[in-house]
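In order, the protein sequences belong to chains A and B.
My numbering numbers the first residue of the first sequence as 1 and each following residue consecutively.
My numbering numbers the first residue of the second sequence as 1 and each following residue consecutively.
These are calculated hints, taken from the structure and not from any lab test.
Ideal Cβ placement from N, Cα and C applies to all residues, glycine included.
Accuracy of the hints is not assured; some may be wrong.
Stated by the list, open to error - From the structure, some residues in chain B lie toward chain A, with a derived Cβ separation under 8 Å:
#	residue
1	S120
2	R171
3	A172
4	D175
5	D176
6	E178
7	E181
8	L182
9	M183
10	G184
11	L185
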Amino acid sequence: MSTALLSTHRLDACYGDFQALFGIDFEVGEGEVVAVIGANGAGKSTLLKTVSGLLKAPREAVRFAGEPIGGLRPGELARRGIAMVPEGRRLFPSLSVEENLLMGAQSGRRGPWHLDALWRLFPMLRDKRAQPATSLSGGQQQMVAIGRALMANPRLLMCDEISLGLAPIVVKEIYDALPSIVAGGLTLVVVEQDVGLARLVSHRVYCLQEGRVTLRGASAEVTRDDISRAYFGARAEAAR
Amino acid sequence: MIGWIDTILQGVLLGGLYALFALGQSLIFGVMRLTNVAHGDFIVLAAFGAFALASQAGVGPFGAFAILLPLAVAFGYALQRLVINDTLGKDPLPSLVVTFGLSIIIQNVLQEIFSADPRSIPAGELTTASVQLAGGLAVGTLPLAIFVIALAAAAALQWLFARTALGRVFRATSDDRETAELMGLDARGVYAAATALAFALIALAGLLQGMRTTVAPADGPALLIYAFEAVVIGGLGSFWGTFAGSVILGVTQGIGFRLDPGWGIWLGHVVFLAVLLVRPAGLFPRMR
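One chain only, chain B, in its complex shape (with noise of 0.2 Å):
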């Protein structure tokens, strides 16, 4: 019993990680219905990112991500400014074909300058540390303080939607361009604006992907299918809906993993495919 109790409060903790992969790409999709296939290649790069300044400049893990959240939004706010931008319109199929382009050649990159091993950004005593609760049960405390950052990440982009008037603009831009671009709106800037907070959060996930466990430079595809496979179960267009998507991605993959430990992933890929047929709209689709 303590053992099925354990299994399921390590998948939500592994759920709080997924979320951290699937809330950018739900923004990036809410705000200008774009499929970046790409999305997990770019999380990977920043955990390379991370590991690289972390590693070589000798700053520490959370020296690296100060360095690395900056240049991650940058470089969001040019990706769509320069080269996605020009992908999108009532036809889907540029944008796939350029972020899977994208994929294709940050996989590339990274592997000719730092070899196909996995690597793990070094935490010191993070990595070891371990809240006792009742029952004999422990958690880490890195997968802990994931979780917490995950929902306060969640928290914040809805607030942010919900109550700001950034939101108000994402949300009229993603309801229709054309008479946002009425009101005076700069679509081709709000999605810019969407990209870079994407970016955020992807230098954040990167970071802690590489903190929790290792990555390399093939790893891209995986983490984007954990992190459509939440956005699709929790629903379009809330993020509390992929918060709870990616939990319950975590808890399954939890099971999955101890009825045999060949089952994780795919019992992820079932209850996706299930809440596909069952829901199509996933199980909490947007409130408004």
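Isolated chain A (complex conformation) (with noise of 0.2 Å):
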């Protein structure tokens, strides 16, 4: 795909001297919905933190809308519309849940979201706006995170793990909201340990295994033996 608005190039990350990404090729189209799936510490969140510049890259291991714009500084990717929903929702605990949301809208890029239309996008936080944010129920804190990403009025949306820990009802309920965050084109990635929603949600589909990445493919071609193979090894065979 030679449009890709992001793309890696063999990207190595590492904390200390931990590798944890091992030359990782991912690319995303614009207006494509990408999943990422893989089991605990295969590099899922490693990679969103590596594009979203909380974790060091060579310049040109990450390219985004043409640009070259690995080890930018996070402020930086944000203005540039590269916005994430981090694991653990990482709401600011001092903050209403209008306030949380208005700290998306820093990077003062401009587009179609903003608090009304947030409010309409999940209404029972309004009711909820003056009350902080951490004490919300988990679903309501996550809506909080995914809208809080959204007034930044981003590109690319990467959600890491927005279902966990969550019931299945509430997790459906934020799925959802899915098809209307994406209608004006945004562009999303979300890392998610269920592989069902996960290919459900997405039009193609990464697996990691331990830093490398084991499998590609359209969501809906995938057969459930490449992503068991893929999850748990053989992974010489599946990467090719």
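Mind docking these for me? Both chains are given alone in their own frames, and the hints should help you get the complex.
Written out as structure tokens, the structure reads:
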């Protein structure tokens, strides 16, 4: 795909002496929804952190909208249109729901997302706008985290494990909002533990294992066998 | 009886001065979790700056402050950008060591220039003016004005933090620097803005300390202790708490001095330690 919005090229990433990613080639087209799956510690979150600037990377190893962006500061990347819903939500505890959302707008990008649009997307947040964000239920907190990222009016939204620790019905409620989120042409990368859900919402899927890509393909075409092999081993066979 | 009322009243007013020391410390600690060991020395430095301007340039204390304020704000901004930002991190030691070093430098430079003599900023009639209250009590106009200024400063900071976009940015960066940066903020710039603001308070505190009493180059550590004690007594994260902590410290010292001229400062330390022991989070910890 020559018109990739985001791509990584033989991307390595390390936490100190520990190498977490090995030569990752990853591509997301404009308007595409891509799911990243894999076991705990496979490197999914590390990949997102590297793209969003929280971890260092060589400049040319990550490209966004045609420009090399590896290792740029997170704030600079936010201004260029990369937003992330971090693992564990990371809401600001001393800020109210509304203030948390407003923090998302800090990057100063214009677009379809503003407070009123968010109240329409997640109506239950409106009644709780003045409450401390961390006093909400887990699902509502996740909505705030997603809303905060949308407030940046990003071109690329990356969601790290938004279903983690939530009841299935709440997860469904959140994923039901996805179509209206991507309707405006937003590009989406979701890291997801729930493989079925990941395939359901995405166009394409990547599977990581121990810091390497072990499977990539159209979500509708990859088989359960492909995935379990990519998840649990036989990496050489599946990766090619 | 009237003597005790007077003691408490004077202690409350002294607390106002301490609040001006403590609010800046509270602000810096609140935003970047930095204990600025040189905080008291910066106040003394500001006092000597005001003293030099007022006595040499002949502009009077308020003219001196008008010159000093923008200098202090710019100095605070540059200090944070050029020095302190690089010392911040998970380990608190580098910032403690660097600000401790600044403390020593400031004390010695001031001693070199001004000698060890205590100085006072001439405040004219304000020094002796007083307001008569019922029952034969009187309070000094200057201490009363300082108390009102400190009250206004605490209210302004509380409003800034709770109600403005800048305050929101300060709180968010304090909560979670990494996530704040994900939102597009430059934490180093946010810290520099906070320190610049704290230095406005430092300039104010220096001027008023120099007008109300005397300052000597080695006074800084004592002022730091008062600021620190007030912040801890009040509880971290609330400017009203800091203000209340300052008043409690002022009143305690006043009572101590009345009991025995050697007990004032000591009784303040005792109350500080008691609060630390009984309520380590302070008497009025953060509201949200």
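Hint check:
1. Of the supplied interface hints, the one on S120(B) is violated, with its beta-carbon coming no nearer than about 41 Å to a beta-carbon of chain A, more than 8 Å.
2. Below 8 Å, beta-carbon pairs count as interface contacts, and R171(B) has one with chain A at about 5 Å; its hint therefore holds.
3. The interface hint given for A172(B) is met, as the beta carbon of that residue sits about 5 Å from the closest beta carbon of chain A, less than 8 Å.
4. Below 8 Å, beta-carbon pairs count as interface contacts, and D175(B) has one with chain A at about 4 Å; its hint therefore holds.
5. At a threshold of 8 Å, the smallest CB-CB gap from D176(B) to chain A is about 6 Å, leaving the interface hint in force.
6. Of the supplied interface hints, the one on E178(B) holds, with its beta-carbon coming within about 6 Å of a beta-carbon of chain A, less than 8 Å.
7. At a threshold of 8 Å, the smallest CB-CB gap from E181(B) to chain A is about 4 Å, leaving the interface hint in force.
8. Given hint, L182(B) at the interface with chain A, holds; its Cβ is 5 Å from that chain's nearest Cβ, closer than 8 Å.
9. Using the Cβ-Cβ criterion of 8 Å, the hint placing M183(B) at the interface with chain A is satisfied: the shortest such distance is roughly 5 Å.
10. A least Cβ separation of about 3 Å between G184(B) and chain A falls short of the 8 Å threshold, and the interface hint therefore holds.
11. Given the 8 Å rule on beta carbons, the hint for L185(B) holds: about 6 Å separates it from the nearest Cβ of chain A.
The earlier numbered hint that this structure contradicts is number 1, and it is the only one.
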